[in-house]
Each structure stands twice: as structure tokens, then as C-alpha cells.
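Chemist: What follows is the residue order along each chain.
2 protein chains.
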Amino acid sequence: MPPSESAKPVAVIGASGALGFGLAMRLARAGVAVAIGSRDPARAQETAARAARALERVAVGSFEAFDNAGAASAADVVILIRNQSETLANLSGALSPGQLLIDATVPLAAAVSGKATRMLGVWQGSAAEQAREMVPEGVRVVAGLHTVSAASLADLENPLEQDVLLCGDSREDKAQAAHLIERIEGLRCVDCGRLEMARIAESLTALLIAVNARYKRHAGIRLTDLDASLWE
Amino acid sequence: MPPSESAKPVAVIGASGALGFGLAMRLARAGVAVAIGSRDPARAQETAARAARALERVAVGSFEAFDNAGAASAADVVILIRNQSETLANLSGALSPGQLLIDATVPLAAAVSGKATRMLGVWQGSAAEQAREMVPEGVRVVAGLHTVSAASLADLENPLEQDVLLCGDSREDKAQAAHLIERIEGLRCVDCGRLEMARIAESLTALLIAVNARYKRHAGIRLTDLDASLWE
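As you go down the protein sequences, you meet chains A and B in turn.
For our numbering, add 1136 to where a residue sits in the first sequence, where the first one is 1.
For our numbering, add 1136 to where a residue sits in the second sequence, where the first one is 1.
Heads up, a few of these hints could be off.
Each pair may be met inside one copy or between any two copies, as identical chains are not told apart.
Claimed, not checked - Okay, derived cross-link-like pairs now, SDA-like style, lysine to any residue, Cα gap no bigger than 20 Å in a straight line:
| hint | residue 1 | residue 2 |
| --- | --- | --- |
| 1 | K1144 | S1209 |
| 2 | K1251 | P1177 |
| 3 | K1144 | Q1260 |
| 4 | K1352 | S1221 |
| 5 | K1251 | R1175 |
| 6 | K1144 | V1275 |
| 7 | K1352 | S1365 |
| 8 | K1144 | W1259 |
| 9 | K1251 | D1305 |
| 10 | K1352 | A1364 |
| 11 | K1251 | R1330 |
| 12 | K1352 | S1209 |
| 13 | K1251 | R1358 |
| 14 | K1251 | I1320 |
| 15 | K1352 | W1367 |
| 16 | K1352 | D1363 |
| 17 | K1144 | I1345 |
| 18 | K1352 | R1324 |
Honestly, the hints are just simulated from the structure, not real lab data.
Let the hints inform the model, and build the full structure from the sequences given.
Modeler: Structure (C-alpha cells):
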């Protein structure tokens, strides 16, 4: 078993939302055990049952349902989907040194009744840099998955064929995130540099929302001129 | 002749730089007459001669060499490549109502001795929004071409096969820019919304610089799940 994998499940925090649900299904279909986290444990249960039903014809990893803190403490890798600052404040007791946090959150202006095509200014520069400040010491933070649409993930017939832009200060942490995410067929992870580059990667969500509003599609990002496989 | 074309040349302001040179060559190879603009008219002459030599084996549009103001006043469409605020301040007398300015400039922190992977804060929000404030009334502004690398453009064997993200407040202006830019084989223009979205499109240059530094390539952007042709 490669060092980036473990027997523990991967936690998807906010899995009852559309993006988290799609991601949980895709990971499970790839054989990953998923800890479904939701604020309301009953909703987590319902989400786990719904995901299992959607996947009943394929061999899959398992689902377990938790509240968010329960999911986070059960996992080595924690994927944070939404409501970042509120959720992280609540999770602070559940996260522990050595865990990898993959922050997929985006500070859209929609969170304060603004447009979904506009970004909020985050004092630290990006949601990911804010997360790095909020997590307990020793929790590693990589930003990614901002540009993969919920609709594309949830449509299991969609081949995806798009990139995930990873930002982080440690090459090893990014490689660990990449090895997990690339278990989802059709996703290629690209190393986009330090965590501060999440300022740009996060803003691509707003750009894609504008594009999708115009064309009524679910666009993702593909970088050209790169090799098909970018990680050892 | 479609309404978006005219007998006047397209001005490339800053054509002696790598990006401007590549763009001028690609446009000329597509049959577009190009007014090569450079701060120094002698350098514009040299650039025009160099471009003509590089293209001698293909049927091409013509090159004419000017200083930047001369190129801008000779054209209906003016493409601005670099040194935006300085160049626009000098061009203010040369631009006139009805012209279309395609702003490809990017406020990289490198302009003030910072990193090329970091952006400057521009008071108006983006270089393109600053341009809109600086140009004479009646000059229309569309932002685009930030993500196409100089090296890819200059390598005439490179099929490009990438997208140009266009931002602007007028759908017609964006369509005019798209019809011109898509004469370059392998480029597809995508309507990314209003001019304010240039804040995001411009920052992609910094992200691609980080990616290219990591992988020693010349990455561009392709949006997935969109039709091959997006303009009437």
C-alpha cells in the first residue's frame, strides 16, 4: 500500500451538499472508504444511504455517516467543501496533528448576499490561507477541487476529463492529495505552487459560474501542454 | 465582409516584446494586416522585418511599422500587450471613439520587483477596468489573451488548441474580438462575462507562470464541456 493511503476513511465535511455528495460518490466508486460528515448526523445518514443507492451496481468503498466533527476525527484526510470558517471553528477540537486538510472552499460574495461571480476579500488572501491559520498546529493544508462542478461529479456517466489545481507549501502534501484525488477517473492534479496561489485557484470558481450561466453547461478547467501524469 | 472586419490593420501595441511578436505573426499568417507598434519606431521596423522573414513561406497579411501612437491611430482594433498604464497614458491622443481596445495586459507584481506569480492590487479591480477608465470616451474595451503564452504563439508549429477568456460589458464587442482572435487557428474564445471578470482572467497569467516554472512547459487554458464554436 503506498504511503499516501491508509486504512482510515477519507472524511468529506459537508457531504450532504451537492458538491460533497458528488465527491463522496466518486471516491467511493474508486474504492475509497468515505466518512460522510454533515452538521446534522441524521442528514449524514440519509446522504450515506442515498450515495449507497446511487452506487449499488458497482463495487465501492464503504460509507459511514457522522456529524462533521465525528467524520473529521475518524479520518487521516479531511476534505472541506463549504462554509469554511464556521465549519473549521467547530472542527478545531476534532482535527489533530498529522492530518491532511484538503480545502475546496471558495469565498464567493454570495455568502454575504453578493453575486456568485464575485469574490470576497479574505484577510489572509484566500480561504485556504485562512484555513491554515485556523487549524491546529501540525494539520497540513492543501487547496484544491475548486473547479470541479457538483453536477459533473454527481453525474456518474460524465467522464470528467479535467484538472484539479492543487496549491500548497509542501510538495509531499500535494502529492498525497493528488494520489487520493486521482483515484477518481478523469481527474488530473496539477501542482500550481504555494498555498498563496489558492487566491487564484479559488477565484476560478467565480469565473466558471459566469461561464456556466452564459452557456448553461458545467465547465471545468484543463491546462494544455502538460503530461498526462504529473506525479510519481 | 462581416461587420467585425475592416480594411484597416489591427494594431499590436508592444509588438517587439515576445507576446506581441508571436501574436502579430499569428494574425498575419491568418491574413490579417498588422500595424506593428513599438515605443521606438526603428524597433517596430526591425520587428516587422523579423516577422515577415519568419513567415516568408506562407501567404500572409501585411505588416506596417509605427511608433505605438501611429499604430493605434491607424487601426480600428488595438491590442495592448504590456506596460499598460504607461502606454495608455501615451496613447490617449491616438485612440478615438469607435475603436475596440483588446487589453491583454496583466498587473504582475514583477512590475514592481515582486514575483511574477503574484498580482498587484489595481484600484479599479483589474488592468482592464483601469484601461476603461483611461481611454477616451467611446473607445470600447474587451479583456483577453492573458493565458496564451508568448512561446506557444511564436512557435508556428504549435497547434495552440486552447481558449482565450474574454471579458467585457458588451456582448457585441466581445463577439468582434472573438471573430478577430479566432482567425488564429487553434484559439477558441469563451465569453467569461463582464469586464470586472478580468480580475480573475488576468490572475491566471500568474497561476500559469507558477505551473510553467514547475513543469518547464508553456501551459494554456482549456475549459471543458463547452461547444467547439461559441460565437455566431
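Chemist: Quick check: which numbered hints come out false for this structure?
Modeler: As far as the earlier hints go, 2, 3, 4, 5, 8, 12, 13, 14, 17 are violated by this structure, in ascending order.
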